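Going down the list, the sequences are from chains A and B.
Numbered per my numbering, the first sequence spans residues 1 to 113.
Numbered per my numbering, the second sequence spans residues 1 to 112.
To be clear, the hints were calculated from the coordinates, so they are not data collected in a lab.
Among these hints, one or two may not hold up.
[Claimed, not checked] Simulated DEER-style distance windows between Cβ atoms:
{"id": "1", "chain 1": "B", "residue 1": "54", "chain 2": "A", "residue 2": "97", "range": "15 to 23 Å"}
{"id": "2", "chain 1": "A", "residue 1": "63", "chain 2": "B", "residue 2": "57", "range": "42 to 50 Å"}
{"id": "3", "chain 1": "B", "residue 1": "94", "chain 2": "A", "residue 2": "70", "range": "41 to 49 Å"}
{"id": "4", "chain 1": "B", "residue 1": "94", "chain 2": "A", "residue 2": "57", "range": "26 to 34 Å"}
{"id": "5", "chain 1": "B", "residue 1": "82", "chain 2": "A", "residue 2": "39", "range": "23 to 31 Å"}
{"id": "6", "chain 1": "A", "residue 1": "100", "chain 2": "B", "residue 2": "3", "range": "19 to 27 Å"}
{"id": "7", "chain 1": "B", "residue 1": "77", "chain 2": "A", "residue 2": "14", "range": "43 to 51 Å"}
{"id": "8", "chain 1": "B", "residue 1": "77", "chain 2": "A", "residue 2": "73", "range": "35 to 43 Å"}
{"id": "9", "chain 1": "B", "residue 1": "20", "chain 2": "A", "residue 2": "70", "range": "20 to 28 Å"}
{"id": "10", "chain 1": "B", "residue 1": "69", "chain 2": "A", "residue 2": "73", "range": "37 to 45 Å"}
{"id": "11", "chain 1": "B", "residue 1": "51", "chain 2": "A", "residue 2": "12", "range": "38 to 46 Å"}
{"id": "12", "chain 1": "B", "residue 1": "20", "chain 2": "A", "residue 2": "83", "range": "39 to 47 Å"}
{"id": "13", "chain 1": "B", "residue 1": "67", "chain 2": "A", "residue 2": "14", "range": "42 to 50 Å"}
{"id": "14", "chain 1": "A", "residue 1": "14", "chain 2": "B", "residue 2": "54", "range": "31 to 39 Å"}
Fair warning: this is a prediction, and the values are worked out from it, not measured in the lab.
Yeah, the Cβ is synthetic: ideal placement off N, Cα and C, and Gly gets one too.
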Amino acid sequence: EAGVTQFPSHSVIEKGQTVTLRCDPISGHDNLYWYRRVMGKEIKFLLHFVKESKQDESGMPNNRFLAERTGGTYSTLKVQPAELEDSGVYFCASNFAPGYGYTFGSGTRLTVV
Amino acid sequence: QKEVEQDPGPLSVPEGAIVSLNCTYSNSAFQYFMWYRQYSRKGPELLMYTYSSGNKEDGRFTAQVDKSSKYISLFIRDSQPSDSATYLCAMSASTNAGKSTFGDGTTLTVKP
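Generate coordinates for the entire structure from the input sequences, incorporating the hints supplied.
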């Protein structure tokens, strides 16, 4: 079984540019999540999709972040325009049902310079 | 104050030792409790999950939840160098089980 795949693994962009992160969950997992870890901080929740619907987006920091999951399969997280404080590791995770732990991807390491 | 506080470490033990990793929390609504292991440059890997209070054992790993004290633990028996990693606790409420709150992580080194 293929795991959760994230692309790219690394991205370095300039402040003000746009970056799009992609996540392919495990096939059949209706629940998809985005988390983020900034330097020196704990992993923090961004949002939760059930199929193509946003179940909870309470962790999205501001309107520069846009997540989509068209067709209930893969998801994208766009940051536009990127700021220095957006630097960190962005993790995607998926599961069959909430509460029982996630399968995480390896993350996208985003550096905004 | 953070909702989840994790013993910061780092922790260094000899091979074969019993390791105890601990987290405390303040939100009494938390019902789902998870432990993850994370190797460098990788995503967290789910080790164990428990619902509500009690113990759960899986091989060399035992997870304990004491809801009355708002305290959870992960014990590793017969620790191996391959157990060297960062361990993360995470928990969520039953009203929003999809949103987990993580501890900062404890880095463990098991020396041969």
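Hint check:
Taken as a hint, the range 15 to 23 Å holds for the pair residue 54 of chain B and residue 97 of chain A, whose Cβ atoms sit roughly 20 Å apart. In this structure the supplied range 42 to 50 Å holds for residue 63 of chain A paired with residue 57 of chain B, their Cβ-Cβ distance being about 46 Å. Taking the beta carbon of each, residue 94 of chain B and residue 70 of chain A are about 30 Å apart, not inside 41 to 49 Å as hinted. Judged by the Cβ atoms, the range 26 to 34 Å given for residue 94 of chain B and residue 57 of chain A is violated: they are separated by roughly 20 Å.
For residue 82 of chain B and residue 39 of chain A, the hinted distance range of 23 to 31 Å is satisfied, since their beta carbons lie about 27 Å from each other. Evaluation of the 19 to 27 Å hint for residue 100 of chain A and residue 3 of chain B yields a pass: the beta carbon distance comes to about 20 Å. A C-beta distance of roughly 49 Å is found between residue 77 of chain B and residue 14 of chain A, which places it inside the suggested range of 43 to 51 Å. The beta-carbon spacing between residue 77 of chain B and residue 73 of chain A, approximately 41 Å, falls within the hinted interval of 35 to 43 Å.
At roughly 45 Å, the beta-carbon separation of residue 20 of chain B and residue 70 of chain A lies outside the given 20 to 28 Å, and the hint is violated. Between residue 69 of chain B and residue 73 of chain A the CB atoms are about 43 Å apart, so this pair conforms to the stated range of 37 to 45 Å. For residue 51 of chain B paired with residue 12 of chain A, a C-beta distance near 41 Å keeps the hint of 38 to 46 Å intact. Distance hint check: the CB atoms of residue 20 of chain B and residue 83 of chain A are about 40 Å apart, consistent with the given range 39 to 47 Å.
Between residue 67 of chain B and residue 14 of chain A the C-beta distance comes to about 48 Å, which sits within the given range of 42 to 50 Å. Take residue 14 of chain A and residue 54 of chain B: their Cβ atoms lie about 51 Å apart, and the range 31 to 39 Å is violated.
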